[in-house]
Amino acid sequence: MGFKIMGEEKVTVHISKELYEKAKKYVEESEGEFKSVDEFVEFVLKEVLSEEVEEKVFTKEEEEKIKERLRALGYI
Amino acid sequence: MVSKPHGGKLVNRVVTGRRREYLLKEAKELRKVSVSESLAADVSNIAHGVYSPLEGFMVYNDYYHVLYDMRLANDIPWTIPIVLDVSREEISGLKEGDDIAIVFKNTMLAIMEIEDIYKWDKKEFCKKVFKTVDVRHPGVAKTMRRKELLIGGSIYLLNDVPEPFERYRLWPIETRVLFEAKRWRTIAGFQTRNVPHRGHEYVQKAALTFVDGLFVNPLVGWKKPRDYKDEVIVRAYEALIENYYPKDSVVFSVLRMEMRYAGPREAILHAIVRKNFGCTHFIVGRDHAGVGNFYGPYEAWDIFNEFPDLGIIPMFIREAFYCMKCGGFVNEKICPHEEEYRVKVSGTKLRKMILSKEKPPEYMMRPEVVEVILNFENPFVE
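Chains as they are written, first to last, in our numbering: chain A, 400 to 475; chain B, 691 to 1072.
These are calculated hints, taken from the structure and not from any lab test.
Please note that a few of the clues may not be correct.
Stated by the list, open to error - Straight-line alpha carbon distances no greater than 25 angstroms define the calculated BS3-like cross-link-like pairs of lysine-lysine that follow: (1) K795/B / K821/B; (2) K832/B / K466/A; (3) K812/B / K445/A; (4) K459/A / K699/B; (5) K466/A / K821/B; (6) K937/B / K466/A; (7) K445/A / K421/A; (8) K434/A / K445/A; (9) K818/B / K795/B; (10) K813/B / K464/A; (11) K937/B / K795/B; (12) K872/B / K459/A; (13) K464/A / K445/A; (14) K937/B / K895/B; (15) K812/B / K466/A; (16) K1049/B / K1034/B; (17) K813/B / K914/B; (18) K699/B / K464/A; (19) K1047/B / K1015/B; (20) K872/B / K464/A; (21) K1047/B / K914/B; (22) K913/B / K445/A; (23) K813/B / K913/B; (24) K1047/B / K1023/B; (25) K919/B / K1047/B; (26) K459/A / K895/B; (27) K812/B / K785/B; (28) K832/B / K914/B; (29) K1015/B / K895/B; (30) K1039/B / K914/B; (31) K817/B / K785/B.
To be verified - Chain B is nowhere near these chain A residues, computed Cβ spacing over 12 angstroms in every case: (32) K421; (33) V456; (34) I465; (35) L472.
Model, not experiment: these values are computed from the prediction.
Glycine residues also receive a C-beta, built at the ideal position from the N, C-alpha and C atoms.
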């Protein structure tokens, strides 16, 4: 179920209590770097997803052209 | 997943289509600067993103920081300046803001915007990069013969330098597509300037055990006398991979780039380049990019500690030898036996045998590789 905070739509995600407690401890010891567990979790997820979702260095068209050459050379 | 390009973005300075036609016409009116084969290779490498994030030859600010801090001015790791040397006569009358045409033999390679013209202290360069000014070091000797000024600026590639091994030339954008097509998430890059002996094979297969694929990427281009010729290396690897590597486990491609013999600093440069090709790991063996006794056997390992932000994982693999008691190829970390049981694969010994047309034993080199090498009248650079 979504809801809005400061105009931005948010959703509820469930995590284990154990993980929540660890995150809460981290936030408390973060010396103000994170104000809440919500903020900390959002930060970590953003970091992980930015590593996983790589900006493609080639377009679909370029990819097909390159694959053609790779096939001709026997790499694929 | 494949590594992000160094600096975050794969550089592309290749001009195509109508813009290329226009610039080719423009280039005819520009002052021409003729470059060596090594520099021509650098031009192509810059343009195709091999040297990402570099977009041209280094300006003074980057040159200085790389020399003294081993980082670009924006703090991105980089260990060897990529520079274009010219004589005063070649650029007389030219100033910052002017364009030049870079030419190799009869090929118009690129247009360069001169952003900086500066002097360099070649001895200081050698001291920092090669850790010596001894002219017996091939990199030092080559540097001292270079011209007195450096010019820095972005380039626009109009034509690639011709590649004798075109069939094996892949650019970073191509290897990235290839690794993705193969569904490889982890790729170990292997740099070499030699034909493969059993020690090399061991190191490569040790790495391959832990990653999805191996990228064997020998350097072709300028090398010192008595190193193996490019064609010998290519044919030797063809024989090795065909006969001894699991199908589809290896991508073999050549990298046209001069060998600098700069040991530790060059190990980092080699790692960065393979990161740009998409490798997630880089194999660093004994005396990487070394020559003679200029560097310690594992000196090129230590330098990686200075770059926790390099973005490619070094795989430090010790030199392999044959242990008669273990009954196979091992390294000193995993073999408990005394020296009397250890048979080392010596590059020098191999060279002597090959020069005298003697077949090295199988524990040193695969027979199919030996056959390829011995078919060459003279397999060594003169």
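Those earlier numbered hints the structure runs against, lowest number first: The structure conflicts with hints 1, 2, 3, 5, 9, 10, 11, 13, 15, 19, 22, 24, 26, 31, 33, 34 and 35, although it agrees with all the remaining ones.
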